[in-house]
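Chains A and B supply the protein sequences, listed in that same order. Note that the first sequence covers residues 18 to 572 in our numbering. Note that the second sequence covers residues 37 to 119 in our numbering.
Worth flagging that the hints you see were computed from the coordinates, not collected in a lab. Keep in mind that a hint or two might mislead.
Here are some chain B residues pointing at chain A (derived, C-beta under 10 Å) [said to hold, decoys possible]: (1) 49; (2) 54; (3) 56; (4) 62; (5) 65; (6) 69; (7) 104; (8) 107; (9) 108.
Since this is a predicted model, take the numbers as computed values, not measurements. Cβ atoms here follow ideal geometry from the backbone N, Cα and C, with glycine treated the same way.
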Amino acid sequence: MDLIIRNGRIVDGTGLPAFVGDLGIEGGVIRRVGGRIEAEGARVIDATGRVVAPGFIDPHTHFDVQLLWDGQARPALEHGVTTIVPGNCSLSLAPLKAEHRRALVGMFQQIEEMPDAAFDGAFEWTWESFDGYLEALRGRLGVNVAPLVGHSVLRLWVMGEAARERAATAEELAAMQELLRQCLEAGAVGLSTSFVDVDEKLLPVPSRYAHFEELDALAAVLGEFGRVLQVVPEFYNTDITLARVDQLAELSLKHAIPTTFSPLFDSSATPDNVPRVMARVREQMARGAQVWPQVQTRPIDISFSFEQASLLFAFSPAWYMTMRLPREQKLAALRNEEHVNGLVAAVQQDGTERRWAAIRVRSVARPEDEALVGRTLGELAAERNASPARVMIDLSLDNDLKAFFLAADLGHHESDRVGPLLADPFVHIGASDGGAHIQSFSTYGDTGYLLGHYVRETGQFTLEQAIKKITADAARIWHLPNRGLLQPGYAADVTIFDPETIARGEEIPVHDMPEHGMRYVRESSGVEAVVVGGALAWSREGGYTDARTGTIAVG
Amino acid sequence: MSATGSVERPVGDPPQPVIEGAVVGPGHDGSAELIVTVLHPGGGRDHVTLDADAGARLMERCGASSAAELAGADWHHLLHVLG
């Protein structure tokens with residue numbers, strides 16, 4: 018044996034009760050599970066009192082670009098994630114002709130909020146084909162990657178600029194089918210498409226111009242390989258989403274493929290959305306279709322500043338119209354005492370002052386205000402003998418409108434609704450969006466939130482059920498061979514954590530993007546060690562290692 | 037609530053759906069969104085969630101300065117902002 022994980026509480030991914038024992042790893046593969054293992058010269062990790070689980074699988078990420086300079090997909094790995102699926106929402110970095118790079122960058126920036134520097138100098142575009150992109154990743158991966166190929170880039174390759182104007186001709190469709198076939202042969206786990214996303218000019222991404230016949234033809238190719246179709250449906254309307262569920266079911270049954278869609282989240286503003294969608298999913302699953310809704314674990318927070326007119330201010334004409342003013346006029350209005358009195362009064366009249374008091378200061382521009390970060394407007398209002406609204410206005414002015422605020426838990430946060438949804442056997446836990454929205458909020462630590470909040474704090478899952486959801490179930494849905502279980506012959510991807518302390522960690526801003534670009538992350542809490550392909554990839558004591566044992570986890 | 041942003045149409049057209057109201061809600065991408073309720077002539081209701089950009093465009097098209105002022109607006113405005 019190369020590595021023995023000693024005396025851990027083994028949760029093997031099957032959903033069966035945990036048991037105490039050793040885990041033996043050799044040649045990147047699990048060789049023995051349970052019992053006492055002795056082996057001369059093997060590295061030993063003492064896991065006494067810790068849970069030993071299969072590495073977690075994150076099925077919805079946008080790490081496509083980051084992987085080119087950070088093959089460990091930090092900080093997802095330190096949260097226990099050992100396999101990621103990039104290329105979602107119709108966008109992947111390949112196949113892509115050199116002449117289309119700029120167009121794709123615009124689409125990626127709209128989704129990922131990644132700075133220009135990330136595309137201009139952080140890596141070298143050495144590929145056009147999907148195989149070429151995978152070649153650029155090989156040797157640098159510290160996590161396993163199961164990449165989707167994006168429908169929008171298939172269209173760009175075959176149709177050029179017409180991809181953003183019209184449906185494909187029969188010849189173009191045949192060319193797209195052949196191109197998809199090449200991607201799947203190279204190692205793509207499936208195809209992603211979107212009926213919603215837009216580029217940086219707010220124009221529809223190319224996949225949105227496709228007719229159903231095009232999706233049907235591409236799904237036929239997926240059927241040749243038994244690979245996955247990922248879809249972003251028109252989630253802004255329940256009835257259209259139901260129609261998409263039906264459509265996905267037909268594609269799934271016709272071509273014998275798994276399909277998955279996201280997002281689906283609970284909101285008190287549309288309380289019947291989730292029950293109606295899930296009822297339709299159950300109906301279609303009962304027919305034998307595979308239509309997996311992805312549901313995120315984390316609650317939805319809203320981040321905003323006074324620089325932009327967030328719809329959060331649309332509760333009041335006075336507030337919304339103030340925020341819609343050009344910058345200089347806005348500053349003048351906020352410095353006008355009479356106008357500010359009117360804004361403060363509007364909050365009091367709306368009866369929402371208590372909710373305003375719960376809003377936190379997220380970031381500031383002035384160094385002298387740094388100590389205010391993380392505090393609530395209510396706390397500051399009490400200290401200043403002012404209203405929360407007045408404090409927010411003052412702080413925004415002090416920081417030249419560059420103070421950011423966080424209204425937490427505005428959606429998908431009611432445990433008695435979200436817990437049972439996540440535990441539903443027809444729900445695929447995912448939709449983390451890892452690597453995306455990087456300047457708005459952290460997309461890391463969702464598995465820690467599942468195991469900390471929904472297992473330990475609310476008890477809505479057993480540990481074994483939760484682990485199964487994010488390991489074996491995910492591997493089965495995505496047809497990832499030999500992953501998701503701690504069983505002899507399976508890939509040695511292992512996460513070791515303390516069930517008493519695992520959590521998603523505090524959200525913090527860091528400047529670790531190319532050219533010191535900022536993003537929000539969460540550092541892991543309670544995870545002790547992560548093994549990828551039999552090698553220690555991260556540990557609490559030692560941090561990230563040089564191990565590059567991640568692979569393309571398909572086929 | 038006042039009917040805002042009406043769209044001219046010929047007399048004698050069949051009854052049309054109307055925007056009954058709107059509230060602000062959470063968006064998947066961490067921004068506030070507008071959840072618009074459409075009331076159909078037969079009494080049925082439907083919700084359409086608009087992201088920050090589309091929501092702002094709807095407010096502008098309807099001349100609304102708050103979500104509540106969307107009540108009574110012509111539902112065709114939704115088609116325009118959804119593009």
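Against the structure, the hints:
no.	hint	verdict
1	49	violated, 23 Å
2	54	violated, 17 Å
3	56	violated, 14 Å
4	62	holds, 3 Å
5	65	holds, 6 Å
6	69	holds, 6 Å
7	104	holds, 8 Å
8	107	violated, 13 Å
9	108	violated, 16 Å
Hint compliance for this structure: hints 1, 2, 3, 8, 9 are broken, all remaining hints hold.
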